[in-house]
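For this one, chain A is given, so just place chains B, C and D on it according to the hints.
Protein chains: 4
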Amino acid sequence: MNNTNKLKIFNDPIYGFITIPNEGIYDILEHPYFQRLRRISQMGMSYLVYPGAHHTRFHHALGCMHLMRKSIEVLRFKGVAINEEEENALLIAILLHDIGHGPFSHAMEHSIVENIDHEWISLRFMEALNKEFNQSLTLAIKIFKGEYHRKFFKQLIASQLDIDRLDYLKRDSFYTGVAEGNINSERIISMLNVANDELVIEQKGIYSVEKFLVARRLMYWQVYLHKTSLGAEQLLIRVLKRAKELVARGEKLNASEALHFFLNTPVTKKSFGTDVLKRFSNLDDIDVLAAMKSWKNNPDFVLQNLCNMLLDRDLLKVKLKNKPIGKKKMAAKKENLMQKYGISAHEAEYFVFHGKVSNLAYDNHQAPIKIMYKNHKIKDVTEASDQLNLKALATPVLKYYICYPK
Amino acid sequence: MNNTNKLKIFNDPIYGFITIPNEGIYDILEHPYFQRLRRISQMGMSYLVYPGAHHTRFHHALGCMHLMRKSIEVLRFKGVAINEEEENALLIAILLHDIGHGPFSHAMEHSIVENIDHEWISLRFMEALNKEFNQSLTLAIKIFKGEYHRKFFKQLIASQLDIDRLDYLKRDSFYTGVAEGNINSERIISMLNVANDELVIEQKGIYSVEKFLVARRLMYWQVYLHKTSLGAEQLLIRVLKRAKELVARGEKLNASEALHFFLNTPVTKKSFGTDVLKRFSNLDDIDVLAAMKSWKNNPDFVLQNLCNMLLDRDLLKVKLKNKPIGKKKMAAKKENLMQKYGISAHEAEYFVFHGKVSNLAYDNHQAPIKIMYKNHKIKDVTEASDQLNLKALATPVLKYYICYPK
Amino acid sequence: MNNTNKLKIFNDPIYGFITIPNEGIYDILEHPYFQRLRRISQMGMSYLVYPGAHHTRFHHALGCMHLMRKSIEVLRFKGVAINEEEENALLIAILLHDIGHGPFSHAMEHSIVENIDHEWISLRFMEALNKEFNQSLTLAIKIFKGEYHRKFFKQLIASQLDIDRLDYLKRDSFYTGVAEGNINSERIISMLNVANDELVIEQKGIYSVEKFLVARRLMYWQVYLHKTSLGAEQLLIRVLKRAKELVARGEKLNASEALHFFLNTPVTKKSFGTDVLKRFSNLDDIDVLAAMKSWKNNPDFVLQNLCNMLLDRDLLKVKLKNKPIGKKKMAAKKENLMQKYGISAHEAEYFVFHGKVSNLAYDNHQAPIKIMYKNHKIKDVTEASDQLNLKALATPVLKYYICYPK
Amino acid sequence: MNNTNKLKIFNDPIYGFITIPNEGIYDILEHPYFQRLRRISQMGMSYLVYPGAHHTRFHHALGCMHLMRKSIEVLRFKGVAINEEEENALLIAILLHDIGHGPFSHAMEHSIVENIDHEWISLRFMEALNKEFNQSLTLAIKIFKGEYHRKFFKQLIASQLDIDRLDYLKRDSFYTGVAEGNINSERIISMLNVANDELVIEQKGIYSVEKFLVARRLMYWQVYLHKTSLGAEQLLIRVLKRAKELVARGEKLNASEALHFFLNTPVTKKSFGTDVLKRFSNLDDIDVLAAMKSWKNNPDFVLQNLCNMLLDRDLLKVKLKNKPIGKKKMAAKKENLMQKYGISAHEAEYFVFHGKVSNLAYDNHQAPIKIMYKNHKIKDVTEASDQLNLKALATPVLKYYICYPK
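Chains as they are written, first to last, in the numbering used here: chain A, 1 to 406; chain B, 1001 to 1406; chain C, 2001 to 2406; chain D, 3001 to 3406.
Bear in mind the hints are in silico, worked out from the structure with no lab data behind them. Here the structure is a predicted model, which means the values were calculated and not measured. A virtual CB, placed ideally from N, CA and C, is assigned to each residue, including glycine. Each statement offered as a hint is correct.
Footprint (simulated), chain D over chain C, 3 or more residues, beta carbon under 8 Å:
#, segment
1, 2012-2021
2, 2287-2294
Using C-beta positions, here's what the derived DEER-type ranges look like:
#, chain 1, residue 1, chain 2, residue 2, range
3, B, W1120, A, N254, 29 to 37 Å
4, D, H3110, A, H106, 51 to 59 Å
5, C, P2324, D, K3269, 55 to 63 Å
6, A, N254, B, K1244, 15 to 23 Å
7, C, N2375, B, F1133, 57 to 65 Å
8, B, W1120, C, P2324, 53 to 61 Å
9, C, N2375, A, W120, 50 to 58 Å
10, C, F2133, A, K8, 37 to 45 Å
Only chain A is shown next, with the shape it has when bound in the complex:
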């Protein structure tokens, strides 16, 4: 029962209409690997804090493709030659840049598999699709890997001011309702240019870049690293960890076939072949949520409680500090819990724990954001900004959190 009705347009509350540029891309969109992104939330568990934040990786990918088209239009208008094959490859590369995300996006990036980041898995998906679609993704893959000779192509996909960020900041700000994170993607794109094969922002765009960096920083501390989301994410990681522990002990846990596999099998880059990719493609938010709904009645005190906390949003207390958490405090909280519920120290550590988070608003080890002056001179934005001390943004901000039961 194959689909011949080629859908052309998506409604997007943010950009109005998103048009599918051609049949090749349409076919990728239709593939189950891509449709799966409909079941992976863009912002993990953030909806526990921002109830509107239920948008998906699917929608973000479409948005990115849309902004990439706008960017190519702008660059061509300014005389940067981009041929049709290159355009198509850029669109595919941005469309699939996040396809390797597992359940709840970043939240579980290191719980399902070990030491494998989502970009690496994205590449595996792209290679698999390339086989299915007669090598038509070859150039997209080359760009994605940064192996294409035109350097700015990769920068459009992944850099400190890439299409990805232009969409996700705008989109996440929109769906959370945190209006201050809103950025003017359209204006920033209108000021893109290429010099010496590198992406640059024209001089008059400097205030927009400043604003973009400050908005991103705000979104990190106010949304992405919001202490409640952070706490929920940590619980989610511990649910998986506990489940693996129980499985390792020989306990039988209800779980989908795909989730079962990953609970039972440590997966490394080495063991991640075609079969694992197939299994991974069957895994999404639903598997984890359904498992938690079953496990909330599991006799194991830890697993049961972790699941109930997340499902009923009865979360741990979270404190965010500028200094490391004292050991004494931790010990007391843990001791208290052990006595109250008669659980072991190991078990109590699932509910009392600490850690740190950091955010780097601007990374001056990565390729800098470059500003091009009217006289064609080029400067790093941290030098171009006449006053706002952007260099300061290049120092990571570190915060320490502690979580424990209320």
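Same frame as chain A, now just chains B, C and D:
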């Protein structure tokens, strides 16, 4: 591990901030029965057409509560006495009016249980919560049932221009990106008043009411009854139907405990007691999606294909017609399918079927929307509108659909 | 001191960016005839009711040009051939369609000159510009006059669903803050097509057209014909009338040179030559406002009071009725005023008067809005709409107003 | 003919509805002194760059009053006692804080009168109104002067994060379409509090304050000090200067009575009595625009050309530099002009000139913006911000401009 941190404010992309009015309501929000609404999508499967439409019943309920507060403020300002107890009851009643929805909201209203609508179940939930919370919901329940002596209270909760509609039209328009469905809830609320104990709209609001009715009509045909959503919803209903059929035949199907129960047990109003309510409260979108993810590999041709179609968005072709579908056409499509896949007529009917949908933009059998003139005369809006023939909107529009494989 | 710096982009709060398509059009924009539109408010005196409504004809003209470009893009995409010369002419025609407006747009259309509408004057401006710019406007003029062989060209400029309306409804709704008048111009444009050389809307756009008609109707009664604006506009007309009367009597009134001319000289189509055009081009809102600021101290009771009323927003009382105003009531109000201020009946009539306004939401004597079905059949929208009785919108709604001092 | 119809609500495209809180304030709004603000543009000549920027001081004042009400609500909710008389005074003070602006707001602040800023004139207006309205503005005046014992009252009216800035940044961003200047006034207000009688922002608002400062900085360089606006403003100042020069020489210039007075009479604080206030109240944008429309035909080469440049938007070339402009360059440009048009050096200086502009994003000599931590400690925002080097914002940025004919 009980929660003492009383969250006060929600970010809402639509209204800005939504404040929780008091601790009693806060406690209801915290209850697992209410938190469950986070896992029930407001618009069923509409996200297959409008990728932004992932908002939930939870969010809609909060929005309704917010608009109810605004309405009470407006009415009080105009001299309508509403005491604190009444205010609290109105807020609770609107907050819980949809709590009885099952998975995918309306989509499965008649698949999980039989001849029970969600309002009836909402009432069961309210009664259960009333017990838990020391009878503090008694007045809310009275209002919800329409038994309170002040008639307009019920009209705020359920009528042709109620708070429910004012929120869902605005919210659904926002998340789908169908900007034309947007209504100006704030303005309509600012023109609410009460006359002879009935809700009325002040004269100058007549064009806003017209526009509300036309927007609602547009949302029905363009969104709620969009042929692709319609087709998807029908598939979803058939997934459940087939599953019940197989279970009845003795086949074993993977499903969560709660879903198992409803697949195995026909539930009527009579048999819907405390135990069933408890089980129902464990059922949400996740159970159905997880089941489909398992069933897509079920050996049964019908179940397997229905699930794959929905999960991979490889849907049936749907045509919407003004006239009933001819029998011959149906028969030919069915015959074709039977031969192609070697399946029975009964099985083919899961993929080739027809039906009808109707929409009544304005129902003149229900309580009419009343317009109050400056001289305090009151007219039904269909008479007050000087020209736009709103009476015509009181004739149901009927459309016929046919679905079959591409 | 001629200008070589060719400005390329305008910021528009509504569409984001408006780009000037070419140098020829840039030169027209720079011409003093066009720059004058910066001093003519789009909505006359409506800002006395909606304080945000200070946008100008200049901005509306730019917006129209922008939407025309979008429309041409859409039509070309659907295979409608429009060559570059035609495109340019369409852009110029829409840009200049309103250039003939005098001070306060419609408000004074029949006060400054006699029996000449603004379209006629627009044509004179276009002809004058055509001379200056080496006949490069010839095709635009032909289209504007409806003499070009491709019928739909004129329909884009002036019809019941033209670019003009798509911009002004959206823009006026935006600046007044009457959100309900907002229409989805982008969506309507995306559904434009051409059949038999006529502009049509594709079938799925039918609800958007309904909504457009209802929004337009709402804007008429709630904004354009708002009783307070209406009253202010009538005062403005009377200011000019009284001034002409006084001038005819030989009184000397302060006024700009251009305004002087029109106060002294009855201008008809016949006498409207190059010299008059030049003088007309020097006339804008400023001349009238400055005159009123001077005349508010004029010894003439009538002129003085009319001017003060408008400048200090101390307006007449206005009532809007469904039935004609009774003569007795009028006479009594007038008598009262004559006695109170010792003025003549003629003078009193400047402050006590009545009249009527009408609005035709859909004009079925003009070319109808046509809907094109998937099978390429074409129907008038009043027949296509399955239920909303749009025919009713073709009956003019008539209202009667009376104005008198508070 | 006095007005008894007490208008209650204004439509505002930004905040939705603005309600007039009481009759006393209504009467102030109705006063010709306040209505005059309808004819004073908020952003001077910025509409020559941003065509949507035609909003007025009238609208800004209403917006401020609205935000003040919201702020009072928030503060009271947090337990800060503000009685009704105080509330009323705060509302009046913010409503009238800018009433002393002359034509084109800041643009002509030092052209019409000498060494008198608009706040000083606002105070004169407030005193005059106080007399008319039976001393009902006494407390408002006390607050405005900073003489009320509650220190934070003045901070709400005028400080580095006052209601004025919260409205104008939002409003100017809205009307110019420079979306990046948008700030979330609602959120900032929700985080206001009072500690030790001083206005503070709660800790979680720190990123919003950062964003506010960066948005303000962006608005300065991108909008308020946009080189084209800057050039236009300088021309406007020179129009007045030249007119005064000609008048001093005995030439007769057309001008309104009010403008005549200020051209002929040097006005200082000392000479600014009741009579001057009355005359000043008759002066607004219209007087200046009407004069320019007349003067564009004046035989004086300088006056004529300056006026034409502004009216037809045929402006000087403007360059913005980080270093002072070289004397040689200036001399050459001037020489060139003198020869081309046979004008004197003095005359040429009207068209060739240079100057500097500066912006101080954060002024640490003024009262700092204070952040209140959960433990009630208070820090200056420049110290509280963990990373963004806000101290850097306290160094003024200086730029140099040069203007000369194209």
